[in-house]
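Each protein sequence line maps, in turn, to chains A and B. Quick note on the working numbering: the first sequence kicks off at 1 and runs consecutively. Quick note on the working numbering: the second sequence kicks off at 1001 and runs consecutively.
Treat the hints as calculated values from the structure; they're not laboratory data. The reader is advised that the hints may include incorrect statements.
[Unchecked claim] Partial selection, computed: residues in chain B whose CB lies under 8 Å from chain A: (1) V1031; (2) N1032; (3) L1044; (4) L1046; (5) P1055; (6) F1072; (7) F1090; (8) D1097; (9) K1099; (10) I1100; (11) K1104.
This structure is a prediction, so every number in the text was calculated from the model and none was measured. Where a beta carbon is used, it is the ideal one built from N, C-alpha and C, also for glycine.
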Amino acid sequence: NAGVTQTPKFQVLKTGQSMTLQCAQDMNHEYMSWYRQDPGMGLRLIHYSVGAGITDQGEVPNGYNVSRSTTEDFPLRLLSAAPSQTSVYFCASWRGANSPLHFGNGTRLTVT
Amino acid sequence: AQSVSQHNHHVILSEAASLELGCNYSYGGTVNLFWYVQYPGQHLQLLLKYFSGDPLVKGIKGFEAEFIKSKFSFNLRKPSVQWSDTAEYFCAVGRRDDKIIFGKGTRLHILP
Chain A
1 NAGVTQTPKF
11 QVLKTGQSMT
21 LQCAQDMNHE
31 YMSWYRQDPG
41 MGLRLIHYSV
51 GAGITDQGEV
61 PNGYNVSRST
71 TEDFPLRLLS
81 AAPSQTSVYF
91 CASWRGANSP
101 LHFGNGTRLT
111 VT
Chain B
1001 AQSVSQHNHH
1011 VILSEAASLE
1021 LGCNYSYGGT
1031 VNLFWYVQYP
1041 GQHLQLLLKY
1051 FSGDPLVKGI
1061 KGFEAEFIKS
1071 KFSFNLRKPS
1081 VQWSDTAEYF
1091 CAVGRRDDKI
1101 IFGKGTRLHI
1111 LP
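Whole structure, please, built from the sequences with the hints as guidance.
This is the structure we're talking about:
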């Protein structure tokens, strides 16, 4: 099994550009989430989903959009990138109901 | 709002010393508790988890944690650390079928 796959691994954007970070899982997990990791800030939840068609905001949702049209995919969209969005982004999935998170390998995003 | 607090931001120990990392949470109701570890350049890995039952849980690599409901705490312990335990440690909390949020992490540096 591939587990949780994130693409791309690295990305450099200019301020104002848009892009989509891809996340796919092949474990048939109902739950998926996006986190950003910044030094000294831990992992902060951006958005999460408890099933296809259902999404909700996390701790730091501003500037990001998500959708969950299928169980497998949970893309994260930056509509107009800002330098404050420079970070490492992790996608995670879990089965719900007392199960741990499975993480992707992360996407390192730099916005100049 | 739900929150997770990790008291120690940076801990330095010598090999063979005992370790205790604090984690407190603010989260109503029944919670699921996790400790994750992130070795340099890698993504997060699950150390241990608590869902119910015995409040003393054992994880991988000799780590254990104790859930104290009255104190809203889930502290991580290891009797004797090794140089290879140098990493960042994250406490995470969630409710059944809901989002999971993380603390800011504790950087552990073990001196050989």
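Going through the hints against the structure:
Restraint check, V1031/B versus chain A: the minimum CB separation of about 11 Å is more than 8 Å; hint violated. Residue-level restraint check for N1032/B holds (minimum Cβ-Cβ distance to chain A is 6 Å; threshold 8 Å). Because the closest C-beta pair between L1044/B and chain A is about 5 Å apart, less than 8 Å, the hint holds. With a cut of 8 Å, the hint placing L1046/B at the interface with chain A holds, because the nearest CB-to-CB distance is about 5 Å.
The restraint placing P1055/B at the interface with chain A is violated, with a minimum CB-CB distance near 15 Å, outside the 8 Å limit. Below 8 Å, beta-carbon pairs count as interface contacts, and F1072/B has none with chain A, the closest being about 18 Å; its hint is therefore violated. Checking F1090/B against chain A by beta carbon gives a least distance of about 6 Å; that is within 8 Å, so the hint holds. The beta carbon of D1097/B comes within 5 Å of a beta carbon in chain A, closer than 8 Å, and the hint placing it at the interface holds.
Hint status for K1099/B: holds, given a least beta-carbon distance of 5 Å to chain A, under 8 Å. Here the hint on I1100/B is kept, as its CB sits about 6 Å from the closest CB of chain A, short of 8 Å. Below 8 Å, beta-carbon pairs count as interface contacts, and K1104/B has one with chain A at about 4 Å; its hint therefore holds.
This entry does not satisfy hints 1, 5, 6, going by the numbered hints stated previously.
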